[in-house]
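Going down the list, the sequences are from chains A and B.
Taken in order, the first sequence gives residues 21 to 130; the numbers are from this note's numbering.
Taken in order, the second sequence gives residues 780 to 893; the numbers are from this note's numbering.
If a hint is listed, it holds; no wrong ones were tucked in.
Listed below are the simulated SDA-like cross-link pairs for lysine to any residue, each with C-alpha atoms no more than 20 Å apart in a straight line:
id, chain 1, residue 1, chain 2, residue 2
1, B, K847, B, S810
2, A, K56, B, A781
3, A, K56, B, V879
Quick caveat, the hints were computed from the structure, so don't treat them as lab data.
Owing to the predicted nature of the structure, the values given are computational and were not obtained by experimental measurement.
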Amino acid sequence: GEDVEQSLFLSVREGDSSVINCTYTDSSSTYLYWYKQEPGAGLQLLTYIFSNMDMKQDQRLTVLLNKKDKHLSLRIADTQTGDSAIYFCAEAYGNNRLAFGKGNQVVVIP
Amino acid sequence: DAGVIQSPRHEVTEMGQEVTLRCKPISGHNSLFWYRQTMMRGLELLIYFNNNVPIDDSGMPEDRFSAKMPNASFSTLKIQPSEPRDSAVYFCASSLQAGVDGYTFGSGTRLTVV
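Chain A with its partners taken away, still in its complex shape:
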């Protein structure tokens, strides 16, 4: 299957920016996603980017896609305590299949 890699842990002060990185393997992926998992909850789709885009901005979230390096990042501006969660990147491949990374835990320090 596809292999999506993420770093594991990030701690950030409230109000600062957070950047979470991810690398993926399938250059033909049409969509790439960021999911958020809050404690005790399931994964929720946070945002996605289509493969023909380099950047997507959605309020405090900025997604950057570098197709050449197969690198995806999520920047959260003005990080708040409610942003503490595990963040998963995922790539679409094959027929309706998503490959998920191992997740990156973000801890926001007040």
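Given chain A's structure and the hints, the job is docking chain B onto it.
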């Protein structure tokens, strides 16, 4: 739509007992996925159904695990007999065509086998 509904939310059972986890996907979605999440192994895909048919069960750990999808609105994941190492959070997700919506996950069942 109420989203993907899983039951129970929590299950505590003794080793050797049979455990059945249930999932109701979003109406109209034609793909259903069962995942297991642990601290050690992260999120693992166990099995994937498309139009109620199992397409890929290569992630099912062993014969003690079985999954069924008798109709488009219901799926079960059964573990028999259960073992302490099966303790994890089990998620069900459904999808129509990943696209802009990706997968929609349920809230999960936290299973503890003692």
